[in-house]
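Colleague: Please arrange chains B and C on chain A, whose structure you already have, making use of the hints.
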Amino acid sequence: MTEKEILMQVRNLSVMYKTRLGEVSAVDNVSFDIHKGEILGLVGESGCGKSTMGKALMRMIQPPGKITSGQIIVDGEDIMTYDQKQMRDFRGRKVSMIFQDPMTSLNPVQRVDEHIVEAIQVHESKTKTEEALSRAEGLIQRLGIRKNRMKSYPHQLSGGMRQRVMVGLGLVLNANLIIADEATTSLDVIVEAQLADELRDIRETFGVSLLVITHNIALVAELSDRLAVMYAGHIVEMGDVETVFDTPLHPYTKGLLKSIPNIKLDDTEKLYKMPGEPPNLTHPPTGCRFHPRCPYAMPICSKYEPYFKEVLPGRAVKCWLYIDHPEKESETIEVTA
Amino acid sequence: MDNLINDKNNNDYLVEVQNLIKWFPVQTTFIDQLFSKERDFVRAVDGVSFNIRRGEVLGLAGESGSGKTTIGRVTIGLEEKTKGNVIFDGIDLSTLSAEELRKLRRRMQVIFQDPLASLNPRMSLGDAIRQGLDIHYPETANNHRDMVLDIMEKVGLSPAKFFYNKFPHQISGGQRQRVVIARALVTQPDLILADEPIAMADVSVRALLLDLMVQLKDEFNLTYLFITHDLATAKYICDRIAILYLGKIVEISELTEVYAYPLHPYTRALLAAVPVPDPHDRRTEPMPKGEIPNPINPPPGCRFHPRCPYAQEICSQQEPFLRELRIGHEVACHFAEDFLTES
Amino acid sequence: MKSLDGQEETTSTQEEVPEWLLDLDRVGFVRRLLFARKWYGGDWWFVLISGILLLFIIIVGIFPQWFAPYDPKVEVGPSLLPPGEAPPSFWLLTKSEGGEIELQDIADKTNNIGFIIGSAASQAMREAVDELNDTAPEGTRYQPRQQRFETLEEGLEALIAGEIDGFIASPEEIGSALDNYPSLQADKTLRERGEKGFVFGTNQIGQDVLSRIIWGTRIALIVGLSSAVVSLVVGVPLGLISGFVGGPFDRILTLLMDSIYSFPGLILAISIAAVLGAGIGNIIVSIAVLYVPTYFRIVRGQTLSVKKELYVEAARSLGTKWRDILTKYILPNVIPSVVIIFSVNVGDAILTEAGLSFLGFGLPPDTPDWGIDLARGQDYVRRAWWLITYPGLMVTLVTLSFSMLGESLSEILNPRLTER
Numbered sequence: 049m050t051e052k053e054i055l056m057q058v059r060n061l062s063v064m065y066k067t068r069l070g071e072v073s074a075v076d077n078v079s080f081d082i083h084k085g086e087i088l089g090l091v092g093e094s095g096c097g098k099s100t101m102g103k104a105l106m107r108m109i110q111p112p113g114k115i116t117s118g119q120i121i122v123d124g125e126d127i128m129t130y131d132q133k134q135m136r137d138f139r140g141r142k143v144s145m146i147f148q149d150p151m152t153s154l155n156p157v158q159r160v161d162e163h164i165v166e167a168i169q170v171h172e173s174k175t176k177t178e179e180a181l182s183r184a185e186g187l188i189q190r191l192g193i194r195k196n197r198m199k200s201y202p203h204q205l206s207g208g209m210r211q212r213v214m215v216g217l218g219l220v221l222n223a224n225l226i227i228a229d230e231a232t233t234s235l236d237v238i239v240e241a242q243l244a245d246e247l248r249d250i251r252e253t254f255g256v257s258l259l260v261i262t263h264n265i266a267l268v269a270e271l272s273d274r275l276a277v278m279y280a281g282h283i284v285e286m287g288d289v290e291t292v293f294d295t296p297l298h299p300y301t302k303g304l305l306k307s308i309p310n311i312k313l314d315d316t317e318k319l320y321k322m323p324g325e326p327p328n329l330t331h332p333p334t335g336c337r338f339h340p341r342c343p344y345a346m347p348i349c350s351k352y353e354p355y356f357k358e359v360l361p362g363r364a365v366k367c368w369l370y371i372d373h374p375e376k377e378s379e380t381i382e383v384t385a
Numbered sequence: 004m005d006n007l008i009n010d011k012n013n014n015d016y017l018v019e020v021q022n023l024i025k026w027f028p029v030q031t032t033f034i035d036q037l038f039s040k041e042r043d044f045v046r047a048v049d050g051v052s053f054n055i056r057r058g059e060v061l062g063l064a065g066e067s068g069s070g071k072t073t074i075g076r077v078t079i080g081l082e083e084k085t086k087g088n089v090i091f092d093g094i095d096l097s098t099l100s101a102e103e104l105r106k107l108r109r110r111m112q113v114i115f116q117d118p119l120a121s122l123n124p125r126m127s128l129g130d131a132i133r134q135g136l137d138i139h140y141p142e143t144a145n146n147h148r149d150m151v152l153d154i155m156e157k158v159g160l161s162p163a164k165f166f167y168n169k170f171p172h173q174i175s176g177g178q179r180q181r182v183v184i185a186r187a188l189v190t191q192p193d194l195i196l197a198d199e200p201i202a203m204a205d206v207s208v209r210a211l212l213l214d215l216m217v218q219l220k221d222e223f224n225l226t227y228l229f230i231t232h233d234l235a236t237a238k239y240i241c242d243r244i245a246i247l248y249l250g251k252i253v254e255i256s257e258l259t260e261v262y263a264y265p266l267h268p269y270t271r272a273l274l275a276a277v278p279v280p281d282p283h284d285r286r287t288e289p290m291p292k293g294e295i296p297n298p299i300n301p302p303p304g305c306r307f308h309p310r311c312p313y314a315q316e317i318c319s320q321q322e323p324f325l326r327e328l329r330i331g332h333e334v335a336c337h338f339a340e341d342f343l344t345e346s
Numbered sequence: 043m044k045s046l047d048g049q050e051e052t053t054s055t056q057e058e059v060p061e062w063l064l065d066l067d068r069v070g071f072v073r074r075l076l077f078a079r080k081w082y083g084g085d086w087w088f089v090l091i092s093g094i095l096l097l098f099i100i101i102v103g104i105f106p107q108w109f110a111p112y113d114p115k116v117e118v119g120p121s122l123l124p125p126g127e128a129p130p131s132f133w134l135l136t137k138s139e140g141g142e143i144e145l146q147d148i149a150d151k152t153n154n155i156g157f158i159i160g161s162a163a164s165q166a167m168r169e170a171v172d173e174l175n176d177t178a179p180e181g182t183r184y185q186p187r188q189q190r191f192e193t194l195e196e197g198l199e200a201l202i203a204g205e206i207d208g209f210i211a212s213p214e215e216i217g218s219a220l221d222n223y224p225s226l227q228a229d230k231t232l233r234e235r236g237e238k239g240f241v242f243g244t245n246q247i248g249q250d251v252l253s254r255i256i257w258g259t260r261i262a263l264i265v266g267l268s269s270a271v272v273s274l275v276v277g278v279p280l281g282l283i284s285g286f287v288g289g290p291f292d293r294i295l296t297l298l299m300d301s302i303y304s305f306p307g308l309i310l311a312i313s314i315a316a317v318l319g320a321g322i323g324n325i326i327v328s329i330a331v332l333y334v335p336t337y338f339r340i341v342r343g344q345t346l347s348v349k350k351e352l353y354v355e356a357a358r359s360l361g362t363k364w365r366d367i368l369t370k371y372i373l374p375n376v377i378p379s380v381v382i383i384f385s386v387n388v389g390d391a392i393l394t395e396a397g398l399s400f401l402g403f404g405l406p407p408d409t410p411d412w413g414i415d416l417a418r419g420q421d422y423v424r425r426a427w428w429l430i431t432y433p434g435l436m437v438t439l440v441t442l443s444f445s446m447l448g449e450s451l452s453e454i455l456n457p458r459l460t461e462r
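So the sequences go chain by chain: A, B and C. For any residue, its number in this note's numbering is found by taking its place in the first sequence, counting from 1, and adding 48. For any residue, its number in this note's numbering is found by taking its place in the second sequence, counting from 1, and adding 3. For any residue, its number in this note's numbering is found by taking its place in the third sequence, counting from 1, and adding 42.
Just chain A, same shape as in the assembly:
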């Protein structure tokens, strides 16, 4: 990947939810880029804010949640300034999404072909139905669904097939980015692998970018080019997937990678048990949000929040170990390529 053209720039994005117990800062001042044609994995445990992030990128956050600040820049325009009409155009045509539960994300009273034709006609209203249908057909077959299933209703399809229909809906309009929010979590292992192959294929053929949001880190290792690790509403580490796996920088990433089960027999390491639990986001810890669980915590970590520093080109981490600060007592670790 020599040329890294940027598809989407996210700057200082914050999302807040109001709950009975207070305000939850689900995504807190996050900035990153998505490159054209890349598969970016966004991983974290439940409650870290990754799903919220996915929805925020399509401005699909509903009350009691709200995007409180930030910009999302696509093709030179900040979609936060778009009005309803522009957003409707944006969703589906520029960015589309696949959800976790395929059963509820498709309309149960519409057939597969009707779904796709509708998607086309909503965005390109002058398209005739026959034309839309033939586009749909080609795409569906490409995705591995037989032509005779086009007239099926969602409940007549299996989980894997429904997800493919969702992918199809994203592709039929030549979206530039598909966000897959836990898209394979409810699928069987082999079907998940099939879908992963499919997604890789699609990226090769159409040059579509993929944002794969999941808690399944092994999946991200199989599939993605780059990896972003989220914890408590922050991206704590980001970089090429091989580099992050080989030399994780952030203590959370280190612990996380060591705690994942590996099916390979030659991996005989015992699973690492991370102490503590993810924090309550109505009262997040002061300073760095990971410091209560961090084996490397320094006094400065509970006082100030580290910024997301690019330590090498394409490699960033949000941790005081790698950032200078006047009050820091220990040495700053230099990251070498």
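For the record, the hints were derived by calculation from the structure and aren't laboratory data. Misleading hints may appear alongside valid ones.
Claimed, not checked - In silico DSBU-like links for lysine-lysine, alpha-carbon gap of 30 Å or less: (1) A/Lys195 - A/Lys174; (2) C/Lys350 - B/Lys106; (3) B/Lys157 - A/Lys318.
Modeller: Okay, now just chains B and C, sitting in the frame of chain A:
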């Protein structure tokens, strides 16, 4: 009969399952019932035999429709079999009366998948855990609170006194699963059915729970029947593993044996499909096409044949039976020998 | 209180739990309820308000005699007196030269007493005379003749001239005129009844509306609570068993309950009351029958859904007996809805009871009861709005309080499954 229920036999096997069949009738409408005599059945378990040795962790692994959960439930006596035998410590479960079976439950306990759903929202944690003791040992009721506090400490719910009066919604998911584990252990059972026990826990908590379960197994001399769809996790806890497909066992042996020398095409595909958390080691094998067929009408012959890249004519006609190809390693495939020669 | 919150985060590590927290857990339900405030945010005041209100209402219901200024069944004031108004007082004007003269002295057949045309003084005089007659010894009868005058001056002139023996007028009518007539004296003792005032006015019979309302509380609460309790005691066990056992028993019972349920409430209550006859016990039964199906349906529905829950299956796998499953697992999860229905039920029963007595069924007609008062007050809506307003307000208030209590209880009794 009472004696048998409470003594332990000295057989090697704690559980013997022989030719177990469990079919569920498909709901039909009134009109269908009038017009056709034939009923459709979901053939969840279609002829399964295996044994569980004392002190081992036997994994039942498979995707949806494999029948693994149903096998577990019938083995524990929560469901009735359609045909076949389930023998627990020498006792054939079908010979027991309802009351005798109820008493036998003390020796077989369950850890469910969803900890929040399996705890009574209106019972305090301490009360929930002591139920087993109160039911089966009513005479020692005074000691039960202490026994519960003791076991709560053992599973890591510390300080136990703090948690005793809490309710399920006041604690975290990981802690809830510990409560479920404590509840299962308090009666000192012989067999524990663990039905996907960590599937719903957070990633960072799973390692803790797995470790806990292994620790407790050694400390309490337990035997686990471990149901899972996650072959990676199974590696860390199962001694032996049975791979299930559409209601039948296709391969069974020691886990390290199966993972190192998978002999059934389905097992090979399944093992390859599991993502490996190492970006340098990405899967190159293609996946079998298609999806798991409907258990109401399983394919004739070998159930995997429509998706099997090695299928031949005999596969659609004759159903293969489990046969021992390596020591302690059984496979149900007509051509499994072909894989023997691979390393 | 922050530590309670903070405690929840750190319990998985081996941190010290303060001793007071451990003790607190032992202390029990009430304390825990107090600290429940932490989880239920601002809604605590809801329970408090409705609780206090209901407590007050119940105390009034149990001890009406402490609160009611008058006996509700006795005529204690002028009829149709507007609320808050002092009963009109009247002065008896007489010539001072006769010494102290009371009405009694000038009230027999030979006397003339005058008043202004159209003044309420005539009514006052009539009532005063009636009162005299009530307390008079045998044989004596007071019946003074009445003389009407166009204006006050005419009347006063007549009085001075001796044409009439006395003149009755209200202080407002007299004004300062007496200054011009030094030879006249005023007896202000007429109309002394009602020293305590009539805060809500009086009805057409002269009974104090406030006292009637207060005494009416007792009847309303008795009928409302009893019928709700009877409905509960019958409906809940039936619903539990029916949902649990299922089968043909369940189907028949459901059919029966649905038939009762489908009747419009008041009409059913009327029919039953008509059959059973009058009396407070029969009223209670008629209303109770009305609500049994509600308890039945809700409890049965809940039982059916709880039966399927994983924790019931977990209980089965522990070896729990069926009886214990019903009492320890199903019943506690069903009770919150029962409590809510109960609270709303009581309010509704009071309404129905008012409706029944409004239509004339059940209670003897002189019982101080809101429904009866509402019925009687209908005809006077324009003239004496307070006759139906206050009983109506009371019914609304009590029903509302019970509903509020029910709602706030539902908040507290439902564990917050989504909260973490």
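Colleague: All the hints need checking, so say for each whether the structure fits it.
Modeller: Now the hints, each set against the structure:
1. A/Lys195 - A/Lys174: 25 Å, holds
2. C/Lys350 - B/Lys106: 22 Å, holds
3. B/Lys157 - A/Lys318: 21 Å, holds
Against the hints set out earlier in the document, no violation occurs for any number.
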